[in-house]
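Protein sequence lines correspond, in order, to chains A, B and C. Residue 1 is where the first sequence starts when you use our numbering, and the numbers rise one by one after that. Residue 1 is where the second sequence starts when you use our numbering, and the numbers rise one by one after that. Residue 1 is where the third sequence starts when you use our numbering, and the numbers rise one by one after that.
Hints listed in this document are in silico derivations from the structure and should not be mistaken for laboratory results. Note that CB positions come from ideal geometry on N, CA and C, so glycine has one too. Mixed in with the good hints there might be a few duds.
Claimed, not checked - DSS-like mimics (lysine-lysine), calculated; alpha carbons at most 27 Å apart, straight line:
no. : chain 1 : residue 1 : chain 2 : residue 2
1   : C       : 5         : A       : 80
2   : A       : 80        : A       : 2
3   : C       : 5         : A       : 76
Claimed, not checked - Chain A side only, calculated, beta carbon under 8 Å to chain B, not exhaustive:
no. : residue
4   : 13
5   : 14
6   : 111
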Amino acid sequence: MKVLNIISSAYRAVSEEQDDTIVWLSHALHNAGADLAVLLSGSAVNYVLPAERSSPITIGGRAQRNAPDAHGEVRKLAEKVPVFVIREDLEMRGIAATPDEPFRAITRATLPAFLLSHDHVWHW
Amino acid sequence: MQQFLIIETRDPVEHRDVERIAALAAGINQEGCNAALFLTENAVIAARPGVAPFLEALAAQGVPIGVDRFALAERGMSSKDMAPGMTASGIEAVVDALLAGARAIWR
Amino acid sequence: MDKRKTLTFALMDAPFESSRTATALRIIDCAVARGIDVNVFAYEGAVLLPFRHQQPHANMVHGRDVAEEDHPLPREWIAALIATAAEHGLRFDWVNCGLCVDERGAGDSIDGTRRGTPADFWKMASESDNVLVVPTA
């Protein structure tokens, strides 16, 4: 059963969770044996950019020790499962349309066939 | 024939992406799969004539567009207020599609 | 006899935050009414949907006391779905993602729900006729 996880919402609760929770879930599903691919769309395409770990935040003196590394976790995921990104969503956000390895760009024109090549499409 | 259901919940006036979803549905049809849309929540606003011409065009191409009767009533609308080609239906349309094996995504 | 169908749903929204919760529960209710076995994987805020300590309240803007307001709570809806499924010999498996439960302090969940992991979601999905993921906004 081939599954495509689509991630389009980015940096959502990332500081509180210390993870992008759908990137995390994708790691967990892969570890559970899922035949998984991931598609980054919308604001989530920003994850293909190399970026340092976020700065930890301190609220009321309570300091965070493990600031999230959303970009790094997506890159690690891409070493385990295919991670695709929508080219036009990159361009609209001023990001180079050809992302670095291991990410693979697809176009909106090929998106229908790409979705249909998976048994399940889960948009999170 | 394979089926694909897109459940759209967003007001197209606020969310430009709804137009891209309509294009996706058309593209899926062109791939030989039966795509359908189900509008619910604030997306039913798009059922009013002239609000979302891209959806009216999609309906004219034969893509079934179901509109949640409950969400219509919640917004003071009825099937009489809808653009041609859209059909008011109950939430069971989603269950029917899932049971028929449609790949379903929720936007 | 045709084998009974199974649908799996993944929910993410916390109670009282999004209309997606009511829409999703309407779909699940319809599935149960149709005699379908249902699995629900509650992820993130959705683990609070069956939280045992939800309480109804009065509505002073409308001049209704607690009884008159009769505020339906998500935990009541879920309990009713569990009961309806049981009455009809259907399976209804509600799994709360454990880590999401821990970080939200949502451990005290109504009877008929259980704690689990993404591996449970994968198992449910693999063994179902279809899956619908209801994302958060």
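Does the interface hint hold: is residue 111(A) within less than 8 Å of chain B, judged Cβ to Cβ? holds, 6 Å
Would you settle whether the hint for residue 13(A) is holds or violated, based on the nearest Cβ-Cβ distance to chain B being less than 8 Å? violated, 19 Å
Holds or violated: residue 80(A) and residue 2(A), Cα atoms, limit 27 Å. Judged against 27 Å, a Cα distance of about 15 Å means the pair holds.
Interface hint status, residue 14(A) versus chain B (Cβ within 8 Å): violated, 21 Å
Please verify whether residue 5(C) and residue 80(A) have alpha carbons no more than 27 Å apart. violated, 33 Å
Hint consistency between residue 5(C) and residue 76(A) [alpha-carbon to alpha-carbon, up to 27 Å]: violated, 37 Å
In summary, the numbered hints that this structure violates are 1, 3, 4, 5.
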